[in-house]
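Undergrad: Residue numbers (this note's numbering), protein chains in the order written: chain A, 1 to 272; chain B, 1001 to 1296.
Don't read these hints as lab results, they were simulated from the structure. On a predicted model such as this, the values are computed, not experimentally measured, just so you know. Take these hints with a grain of salt, some might be off.
Within a straight-line C-alpha distance of at most 27 Å, the following computed DSSO-like cross-link-like pairs (lysine-lysine) qualify [what the hints assert, rightly or not]:
no.: 1; chain 1: B; residue 1: Lys1215; chain 2: A; residue 2: Lys160
no.: 2; chain 1: A; residue 1: Lys112; chain 2: A; residue 2: Lys99
no.: 3; chain 1: B; residue 1: Lys1215; chain 2: A; residue 2: Lys66
no.: 4; chain 1: A; residue 1: Lys260; chain 2: B; residue 2: Lys1215
no.: 5; chain 1: B; residue 1: Lys1215; chain 2: A; residue 2: Lys102
no.: 6; chain 1: A; residue 1: Lys7; chain 2: A; residue 2: Lys66
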Amino acid sequence: MNHSTLKRFAIGLLAWVIAFIIFFPIFWMVLTGFKTEVDAVSDPSLIFTPTLDSYAEVQQRADYFKFAWNSVIVSFGSTILALLIAIPSAYSMAFMPTKRTKGTLLWMLSTKMLPPVGVLVPIYLLFRDTGLLDTRTGLVIVYTLMNLPIVVWMLYTFFKDLPRDILEAGRMDGASTLQEVLYLLMPLTLPGIASTGLLSVILSWNEAFWSLNLTTSQAAPLTAYIASFSSPEGLFWAKLSAASTMAIAPILVFGWLTQKQMVRGLTFGAVK
Amino acid sequence: MNKPRAAGRTVGGLRPLALQAPAVTLLFLWMIVPLAMTVWFSLQRYNLLMPTMAGFAGLENYEYLFTDPALWTSMINTLLLVGWVLVITVVGGTLLAVLFQQEFFGRGIARVLVISPFFVMPTVSALVWKNLMMHPANGIFAWIAQLFGTQPVDWFSSLPLTSIVMIVAWQWLPFALLILLTAIQSLDEDQVEAARMDGAGPIAIFFFITLPHLKRAISVVIMIEMIFLLTVFAEIFVTTSGGPGLATTNLAYLIYIRALLDFDVGMASAGGVVAIILANIVAIFLVRLVARNLED
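Bound-form chain A, shown alone (with noise of 0.2 Å):
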């Protein structure tokens, strides 16, 4: 009985000091965020006096709010027009399954595979012949279409779990197709939907390849301005890191709370 109460004692405490180091990099950051810049370069301390400074100079360079912008209605938005490509073909795939749907389902999830370097060329020279180049438009189409696969592989697994006689019964009772979709599916994998579109939030929000290569100034998302920050000059680390916790921070919490359905479209449903 003592042998195990220790032996659990000791996983437990194992397990926390493996947890603190592997989020040490983020809880310093944060610390840092409160610091001024002379506290930040000067020897590791958690003794200091905290200070909003860092928080109030990022805000006042009036352009950290653009790109928390440009970065929110990015995500949003191709999360939205994602979801409405997605559901009509994951309902399908789900209650009306053909012979084709299972190749439709492994030939989108192959588009995934593309990578981005591989076509970086082609589509930088599409945006600059269309003006895309730094636009937010460009930046929601490229994100909606990074993320259509695994959206509708996501909301095809949760859909498929839905107990096929509930749509039935609606059936019978003369729903047609559009009121079964808003007022029986929808309802019923809310969840479902809500973590798909938490998760390709998430994915636009930290994407940095397409971000970083497509947008100059106008369009530049949070990924893109926290990059500006990799200059050597001057005392920076503060506000570098005031501005990362609040790049960070919705993102993080949004992972938190979805993370069990996560796993579902990150690995299209071979591991739940």
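Chain A is fixed; fit chain B onto it per the hints.
TA: Using the frame of chain A, we list chain B on its own:
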């Protein structure tokens, strides 16, 4: 009221097509147009700085690309980066999944903390590591080195690729853990209990029960990570810019240099084709694995 229903039934074969058409069409265009253009450009003499030189080049770009020592350096860097990150994240992820599956005080919170790095945007994690952790004078590592009275390491100049591997592994270890932790939860507890009754120790249980159970999840993790790790970009872009020299230039970064810094569209496209082929070799296996899973 039943009429639209009945009508829908009769054209049942067409309805799935109509509902799927938007998604399928858009994805098809998204895939085929850039792909065709990349292949086409890779056969062209096309440099944005020398518009008069344009014309069909045949396989010239590939010839230049494959005789360019930078390609081989970047390929080796790509393989080292992918290989090391995979080893660290898969081995670490498996062990951590076993650890975090045990019951202990505050397990839920500890899990949340450990998974967090996966949700941090790449530019933030790269810059936080570069400055707050690895800075040779004021970083945490330098401070720890001083505590032990040793010389702080100048990470990005003396161990550039190792530094990138550390940052990328930090981001992807939580991904591996998240997937494997989910998979391990479906492990049959009775089986483990039976093995324990028969006198199997924890190590035997790990190798003969847990690991076989995780086999599929591990292969999924390996393949998904491979596809993403082949084209790591932002972490290099904000820390080393591929340097010093070519020490941290991977294939993705080389293509970026050729395309957007040298404006050599033809050459960059040839590199793009190489990247697509590499990714597809991995993708074939992944798609097969997922397909097997769709059967049930």
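Undergrad: Hint by hint, note whether the structure agrees.
TA: Now for the hints, and whether the structure bears them out:
Distance check on the hinted pair: Lys1215 of chain B and Lys160 of chain A sit about 25 Å apart at the alpha-carbon level, within 27 Å; holds. Distance restraint check for Lys112 of chain A and Lys99 of chain A: the Cα-Cα separation of roughly 22 Å lies within the 27 Å cut-off, and the hinted pair is therefore satisfied. Under the criterion of a C-alpha separation no larger than 27 Å, the hint pairing Lys1215 of chain B with Lys66 of chain A is inconsistent with the structure, at around 46 Å. Proposed proximity of Lys260 of chain A and Lys1215 of chain B is supported: the alpha carbons are some 20 Å apart, at most 27 Å.
The straight-line distance between the Cα atoms of Lys1215 of chain B and Lys102 of chain A is roughly 24 Å, inside the 27 Å bound, and the hint therefore holds. Distance check on the hinted pair: Lys7 of chain A and Lys66 of chain A sit about 52 Å apart at the alpha-carbon level, beyond 27 Å; violated.
In the structure shown, a violation is registered for the earlier hints numbered 3, 6, in ascending order.
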